[in-house]
Amino acid sequence: MAKPAPRKPKKKVCLFCQEKLSYVDYKDTALLRKFISDRGKIRARRVTGNCTQHQRDVATAIKNAREMALLPYTSTAR
Amino acid sequence: MRRYEVMVILDPNTEERTVQPSLDQFLTVVKDGGGSVEKVDVWGRRRLSYDIAKKSEGIYAIIDLTAEPATVKELDRQLNLQESVLRTKVMRPEAH
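Protein chains in written order, with my numbering: chain A, 1 to 78; chain B, 1 to 96.
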């Protein structure tokens, strides 16, 4: 029995590198909402596919937005 | 002189009309300090993600300005003393 071929996960490309955005704005909640779960948690890099630098920038922007009550710290869905 | 971006959350009980004049009054310290205010953008009433000082809404305003670091520090201090200001944030958009 031949082993099934290992799954090749599609390589995700960092959204910000693709769009050539240098600065992640903490005021842009519509964009930042793509990077948080429905519980309000920041999505991991393996989920978002961001590069190291941009994942960091996104995380900082989300934390800034949370301070100004633009995004929730926690949201009790369920 | 540096460029700054200041975000202010104001008390929702203040009237929408009085927001602009009261912001101008807060910003006199910038002009006195030799700085200039480029843009004042009032977002208006917006729901807060969580309650601040038992309020579930706030009036958001974004102010772009150029000033000396000490002037901005003083502006931030004065804003935090105001009863009608719920929260402030000073950012330097060019530092990134």
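Just so you know, the hints here were simulated from the structure itself, not pulled from any lab data.
Please note that a few of the clues may not be correct.
For lysine-lysine, the following BS3-like pairs were computed, each having C-alpha atoms within a straight-line distance of at most 25 Å [unchecked claim]:
id, chain 1, residue 1, chain 2, residue 2
1, A, K27, B, K73
2, B, K55, A, K27
3, B, K55, A, K41
4, B, K31, B, K54
Here is how each hint holds up against the structure:
Distance hint between A/K27 and B/K73 is fulfilled; the C-alpha atoms sit about 22 Å from each other, no more than 25 Å. Restraint check: the Cα-Cα separation between B/K55 and A/K27 comes to about 20 Å, which is no more than 25 Å; the hinted pair holds. Restraint check: the Cα-Cα separation between B/K55 and A/K41 comes to about 23 Å, which is no more than 25 Å; the hinted pair holds. Restraint check for B/K31 and B/K54: the C-alpha separation of about 34 Å exceeds 25 Å, so the hint is violated.
The structure fails hint 4 only (numbered hints given earlier).
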